[in-house]
Amino acid sequence: MGKIVLENVTKSFGDTQVIPPLNLTIEDGEFAVFVGPSGCGKSTLLRLIAGLEDCTSGDVLINGDVVTQVSPSKRGLAMVFQTYALYPHMTVRKNIAFPMRMSGMSEAEQEKKIQAAAESLNLTDYLDRKPGQLSGGQRQRVAIGRAIVRDPKAFLFDEPLSNLDAALRVGMRLEISEMHARMGTTMIYVTHDQVEAMTMADKIVVLQAGVIEQVGSPLDLYHKPQNEFVAGFIGSPKMNLIKTDEAAKHNAATIGIRPEHLTVSTTDGAWKGTVGVAEHLGSDTFIHVHDTGLADMITVRISGDIAVKHGDRIFLTPEADQIHKFDANGLRI
Amino acid sequence: MAIVAQSSKYGQIGRTTLAWIVGLLFFFPIFWLVLTSFKTDADAVKPEFLLFFTPTLENYVNMTENYDYWRFARNSVITSVFATVFTLAVGIPCAYAMAFNPARRTKDVLMWMLSTKMLPAAGVLYPMTFLTKNILGIFDTHFLVIIVLSLINMPIVIWMLFTYFKEIPREIIEAGKMDGVNTWGEIREILIPLAWGGIASTALLCFIFCWNEAYWTVRLTTTDAATLSKLIEGNRAPEGLFFGRLSAVSAAAVGPIVVLGWFCQKQLVQGLTFGAVK
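Chains A and B supply the protein sequences, listed in that same order.
Heads up: the first sequence begins at 1 in my numbering, then just goes up one per residue.
Heads up: the second sequence begins at 1001 in my numbering, then just goes up one per residue.
Just so you know, the hints here were simulated from the structure itself, not pulled from any lab data.
Treat each hint with caution, since some may be false.
What the hints assert, rightly or not - Simulated pairs of lysine-lysine, DSSO-like, Cα-Cα distance not exceeding 27 Å:
1) A/Lys74 to B/Lys1166
2) A/Lys153 to A/Lys224
3) A/Lys130 to B/Lys1166
4) A/Lys325 to A/Lys309
5) B/Lys1166 to A/Lys94
6) A/Lys74 to A/Lys94
7) B/Lys1166 to B/Lys1266
8) A/Lys94 to A/Lys112
9) B/Lys1266 to A/Lys130
10) A/Lys309 to A/Lys249
11) A/Lys238 to A/Lys224
12) B/Lys1107 to B/Lys1117
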């Protein structure tokens, strides 16, 4: 069981308020991802839940109990840090055993859990090594192992994959998702990488300057962004946002169209432009189009390959039912 | 390329020579002290016996038989060990709190602590003597010496520990909190093992400072708690300047600490550079 509720939580550092009053509910067993640009307060929010930072006001509830004044060690949560934060003076075995030893678990039971965790994380051969002798990926597995053995009410991940290389990141992403499916424990995951957010989350919380911009399932956010910020942040490549007269034609201050919702033609179409860079990925082609008079650059995503090169004139046509409209305040119409 | 290589070679020789000269210059007083301790008082002041003389152990025998060297040495050990232990026992939690849970005024507190080192000791000599002798009745006790040594070394010990603790990633301590450890557990299980090198060099420096302290140990003791500093002081005044005997006493007083320092050079250098080089 691990339902986490934030009630009117605020956080200030000195005179600077980084989290204005915020309310959020994370249901038991949910995989929630906090996503947003650097400095948006997502890590701070996670640390408030963990108890590593004190709330300036408001309450944190775990399973209905107010834990605002409870120390992190007594909240029953486990955390995986970006820097792994393993104990460098202990072997892998001792690192994983540490939380169990602190809770006074018997040695036999500790050993059983260590073996189980090591097996599920492919660490069996490394149990007697120290963290300094492991690769980044292995260290992160140890950190996860240390979290698993506690049977926490919820797992908190603070950008756990940021220090890993791209290939490893994809693998670990899958492993964490599988772990969640298997264990069914609540997980809160902080990242600035919207791909991680989209692929892993049941619920995404998009933050900007400490304010929740939108909460919803990945596809909700993708198909129905509530404002321009979410529209621009979720999705890769980014949504094209157009603020010229073209937007006025749709009775909006801004219109947004995703790169995959534009069709390309070399002969005719609604908008005209020049090809800047064409990125050929094999499965897809990203074309960056200039001189459209709509925005500095319009990005188009074409499935498969298309023979265009720098300087070619092309025509773009948006799919009419895929145009997102926003008012002068950036809110969805 | 060749010119650069050559000039750097000359530079290397120059630097090595300079280092030796400076090193010998610093070492000379110790060398001279040890040499003089093996001379008779009469020989000690004669220039013709500067390097060539008949060595004698007379001064050392005299010192142990007539001047109760071992009692002073025992007092030095007791006061230095206990003062070091006490200073660390207070200093470690204090530095831990400031390094990992800093408040808005932590930096000011640190500066204030250091500022106490700027107080001229002579300024509080009278109140200290009066209070300890006439009111508290702890003059010339181990307790007093231990407290005084602890307090005068506390600021520097806390500063050193603070600097070492600052190098420990905050997340490791936070991971400990998340793993269900209380504050004492964090200090015992995580902080001390991780900062062991720094704590050891801090302890060593503190011990050396305690051992060498002379201003207060000379003035706040008479016999019972008198340390080796007092023994040196005592051999200077009453019977005129007996260089041979004085040298023997001094050599026997600084000897243990020089030997300790020699064996712990690595930790000492680490301690003195304040963790500036990782």
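Please flag the earlier hints that this structure goes against, numbers listed from lowest up. 2, 4 and 10
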